[in-house]
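When you get a sec, could you build the whole thing from the sequences and use the hints?
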Amino acid sequence: MSAVGFAMFNPKFDQSWKRSVLSVTCGLISCIVLILLWEWMGSSPENPVTQVLPPPSRFLPVLFESDFKIGLGSQSASIYQSIFVTLLRVLTGMTLAFVGSVLCGMLISLSKWSELFILPILGLIAPIAPIAWVPLALVVFGISNLTAVFIVFMGVFFTLTIATVAEIKRIPDNLLITAKNLGGQEFNVWRMVILPSVLPGVFTLLRLNFIAAWMAVLAAEMTGLRDGLGAVVMTGRNLFNSNLILLGICVIGITGFAVDRLLLLIQKKFFWWQV
Amino acid sequence: MSQVPSAVLSCHNLGKSFGRDRRRDTVLADINLSLQQGDFVTILGQSGGGKSTLLKLMGGFLAPSSGSVSFHGQPLKGITPKIGMVFQEHSLYPWMTVEQNIGFGFKVRGELPQSYRNRVQNMIEQVELDDARKRYPHQLSGGMKQRVAIARSLVVKPDVLLLDEPFSALDVQLRRQLQAFLLAIWRETSTPMLLVTHNVEEAILLGQRLIVVGDRPGQIIAEVSTAAAEFRGRYHPKFLKLQRHLESVLEYNSATADLEYHPEETASAWQN
Ligand SMILES: Nc1ncnc2c1ncn2[C@@H]1O[C@H](COP(=O)(O)OP(=O)(O)OP(=O)(O)O)[C@@H](O)[C@H]1O
Ligand SMILES: [Mg+2]
Numbered sequence: 001m002s003a004v005g006f007a008m009f010n011p012k013f014d015q016s017w018k019r020s021v022l023s024v025t026c027g028l029i030s031c032i033v034l035i036l037l038w039e040w041m042g043s044s045p046e047n048p049v050t051q052v053l054p055p056p057s058r059f060l061p062v063l064f065e066s067d068f069k070i071g072l073g074s075q076s077a078s079i080y081q082s083i084f085v086t087l088l089r090v091l092t093g094m095t096l097a098f099v100g101s102v103l104c105g106m107l108i109s110l111s112k113w114s115e116l117f118i119l120p121i122l123g124l125i126a127p128i129a130p131i132a133w134v135p136l137a138l139v140v141f142g143i144s145n146l147t148a149v150f151i152v153f154m155g156v157f158f159t160l161t162i163a164t165v166a167e168i169k170r171i172p173d174n175l176l177i178t179a180k181n182l183g184g185q186e187f188n189v190w191r192m193v194i195l196p197s198v199l200p201g202v203f204t205l206l207r208l209n210f211i212a213a214w215m216a217v218l219a220a221e222m223t224g225l226r227d228g229l230g231a232v233v234m235t236g237r238n239l240f241n242s243n244l245i246l247l248g249i250c251v252i253g254i255t256g257f258a259v260d261r262l263l264l265l266i267q268k269k270f271f272w273w274q275v
Numbered sequence: 001m002s003q004v005p006s007a008v009l010s011c012h013n014l015g016k017s018f019g020r021d022r023r024r025d026t027v028l029a030d031i032n033l034s035l036q037q038g039d040f041v042t043i044l045g046q047s048g049g050g051k052s053t054l055l056k057l058m059g060g061f062l063a064p065s066s067g068s069v070s071f072h073g074q075p076l077k078g079i080t081p082k083i084g085m086v087f088q089e090h091s092l093y094p095w096m097t098v099e100q101n102i103g104f105g106f107k108v109r110g111e112l113p114q115s116y117r118n119r120v121q122n123m124i125e126q127v128e129l130d131d132a133r134k135r136y137p138h139q140l141s142g143g144m145k146q147r148v149a150i151a152r153s154l155v156v157k158p159d160v161l162l163l164d165e166p167f168s169a170l171d172v173q174l175r176r177q178l179q180a181f182l183l184a185i186w187r188e189t190s191t192p193m194l195l196v197t198h199n200v201e202e203a204i205l206l207g208q209r210l211i212v213v214g215d216r217p218g219q220i221i222a223e224v225s226t227a228a229a230e231f232r233g234r235y236h237p238k239f240l241k242l243q244r245h246l247e248s249v250l251e252y253n254s255a256t257a258d259l260e261y262h263p264e265e266t267a268s269a270w271q272n
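Chains as they are written, first to last, in the working numbering: chain Z, 1 to 275; chain U, 1 to 272.
Simulated from the structure, these hints should not be mistaken for lab results. Remember, it's a predicted structure, so these values are computed and weren't measured experimentally. Since no wrong hints were added, every one of them can be taken at face value.
Listed next, the stretches of chain U that the computed footprint assigns to chain Z, with coverage defined by at least 3 CB atoms under 8 Å from CB atoms of chain Z: (1) 81-88; (2) 92-101; (3) 108-122.
All residues carry an ideal CB built from backbone N, CA and C; glycine is no exception.
So this is what it looks like as structure tokens:
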């Protein structure tokens, strides 16, 4: 068993809050060490590294100097706005894909034939990375929020639909037989047994696919869309402003991390069981 | 065995085979048994002998290959809520609390919570799970889980309860507690029960009637009445004698084989 598995059975680690305090502390320490190293390396202005990778003490002031506004003229947007726009796109796309794929997966599982005919098509589309949909989406939807939502949706929906069908097959017979034996109507069995059985597994996969969806939206914002976090980085590039680039990169990292934690929290709160 | 009119659940020349042609595997053949009102019948058989298959046939979960099953004198057509089933393990819904699991039979039929709350509450008290009502299955011991499963089946008042090795996953101590618990429930509700087990002691202790199903093909090879009081004490000489007898029946797969159990012989057979 792995070290983590061992720790879980070790009475010293019994209380979960102790474990999470430990992991947060360790994570913070390593982040601080990294930043200190970075500051130390970038402390001399002649160092070429400083030009490309300015330390936080240089790029963070950009935020305040510019009154949290980034960009030129009418295209400028506050950093909060950029975060909000990007998050909204990713979360909308993922929510639609999650709900849609669970529904479609259940519909497909209703009949053996729909499985036989539809699953192969899904299997062909699923491996297409979300990022590959960027050019198509830009052509079809132009520069709009719809583009980004479409990219996320396409990148996640098919994988999750296949996963839903697979999860439905994995449900232990006893759970289904019991529900029917208790006199459950068909629709109620789907709603009260099959749906809750598949949700945790599909949500886990959604969480794992979040990074890919996140990257695809950023790529779209860098190439076509004019706002969002990806656009912040591109503005930096266009202005040859490495402070701005670094700022954008850091915000992307921190936001992505926060969303990942949020999804984990949702999983633990709402989809914690295993069938 | 002729059909007894008052039989709640019975089967006639029941058989089941899996596979086709040369791969055909006859698991059960010519099973006749009937369960009366207030009966407690135990079925004893070896592991893999087709006990679960027999219960699934009796409950309408599987279609027979030959013969038929009758429920209240009518041919059984499929799954019905009037025949309850308790599985060996893994049949609780992990996202529901004890209370929700026990009330699930009503909920899944679309009944309103206020209409069944009292019945669920009474059942929880009856199976002594009052302190655990808000807990989830993963927070329960194996014995508590099985009590929940039994309660969930009983609360919807089935005409018959089928139990497929309900205590096999439990250790001896707990198993004995639950056996007593099940007997008490049976006396209280007088729901006819058909319990399958590979444990000889359990089969004698629980049933009023004990049926031994042999191996390949599974047929009834012995039938014993165990209603007498001496079969309720596991150290009574008659209990021990019957236990020894049934163990040899299982071992030789025949009721007419040597009925005395000879440990020395078995030992020497192993050495050769
Ligand atoms: N769906 C099936 N398809 C093919 N063979 C099956 C099927 N179900 C059961 N069998 C076969 O029937 C035989 C009896 O199975 P069953 O589960 O009824 O045994 P059991 O007596 O309940 O065993 P245990 O005590 O281990 O639970 C087994 O040999 C098994 O291979
Ligand atoms: Mg079995």
